[in-house]
Amino acid sequence: MRRTGFAALAGAIFGAGLWVSGMTDTLKVQGWLDVFGQWDATLAFVMSGAIVPMAVAWRVAARMYHPVLGGPFPEPPRPEVGPKLVIGAVLFGMGWALAGLCPGPALASATYGGLGGLVFLLAMVAGMVAAPALSRRIETLTSRRSAMEIRALTPDYAVSPQIDPSDLPALKAAGYTTIIDNRPDGEIPTPLQAEAMKAAAEALGLTFVINPVLPGAMTAENVAVQEQAVAGATGPVFTYCASGNRSAIVWMLMNAGKLPVDEMIANTARFGYNHAPLRGLIEAAAEQG
Amino acid sequence: MLASWVWGLCGGLLIGSAAALYLLVNGRVMGMSGILGGLVDGSGWGTWAERAAFVAGVVAVPGLLALAFGGATHLTGNWLVIVLGGLLVGVGTRVSNGCTSGHGVCGISRLSLRGIVATVFYVLAGGITVAVLRHGFGVI
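Sequences listed follow chains A and B, in order.
Position one of the first sequence corresponds to residue 6 (this note's numbering), numbered consecutively onward.
Position one of the second sequence corresponds to residue 1410 (this note's numbering), numbered consecutively onward.
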């Protein structure tokens, strides 16, 4: 209930801001985009004014455990810049320029924008309903062929660059029973993220373990989780990250003190990985046991 | 009569404060296209009350302000432009997952690469569209 109340309050302040700033006036928006005509700078002031309190809010949020009303904060920003982001932004920019309205002002002016404003809103909603189909089409057209390559460090442990669900039957046929995903979702396109891969793997009867390793920030827990998954596996284990590098490093740390360091470095070098600089790290791990 | 940029700056501060409130209290990113899009395509029905309340606030307050002090959108009378504009805004914001409020205000303020890239592309596309259609063809 309080959640709903504060949402209404935020919406009310947002709406007031749109009215006060003049952003529901399509001439001001088109005037800002019109660099070759009578340029209207208002929108730049609106944007700057809005970004300042929000930049403070993100910093405050970083120091809070959870939002005032509980629940998690939004996920950290994703680094992924894909074709959908760019294509969508270009289409939006064209529509924004045509009518001079974006979603906020279109709603804010619903009661005083006349019949034209309502028709715009209806068309916008229709576009929103149609969008998921276009998104899927773009994803299918632009998804690259899988980079899977079974790089068997031992008969029971292989590493690989990112795989996709269509690779799983081949892995099963090759005898692998457990798949470990060492790549954090933040760096993976949505259709290849952990949950989708897990569902596809489990549908084939494979065990799927999610053990994300941050680049350059592998933890002792990463190694422990990997060890446990390998120990519990009923057959050979297949691991992947972006290039297979992190999966290979976890393997070296798991075997620190058990296999000679030179042998491990030579082993991963067969697949193009250069782990010689990690010699000190592995030797230190071996000493700690 | 206050200058247009003063109103713009004050309105912008209100918009940013609304986004700050929605983040710190409700724990959500204030993106208009996401809030509305989740309602109309069914993907956000789990949080429909929060979304509907936000939309109600956005519609009601400017409506009252316009009733008291006036408001005009100066929207074009060209139906083709209105419908095409609406469709493109609806499709584009959902495919790229954000609009001026989500990518622009909330994204840029946390230095999100996606927000910055999207903003660059929609502003560029908008600028080119106005240049071509206004100065080339005189349509808008």
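Source of the hints: derived by calculation from the structure; they are not laboratory data.
Note that this is a predicted model, so its numbers are computed, not measured.
All residues carry an ideal CB built from backbone N, CA and C; glycine is no exception.
Careful: at least some of the hints might be erroneous.
[Unchecked claim] Listed next, the stretches of chain B that the computed footprint assigns to chain A, with coverage defined by at least 3 CB atoms under 8 Å from CB atoms of chain A:
#1 1426-1432
#2 1474-1485
#3 1488-1502
#4 1506-1512
**Request:** Check each numbered hint from earlier against the structure, then list the numbers of those it violates in ascending order.
**Result:** none
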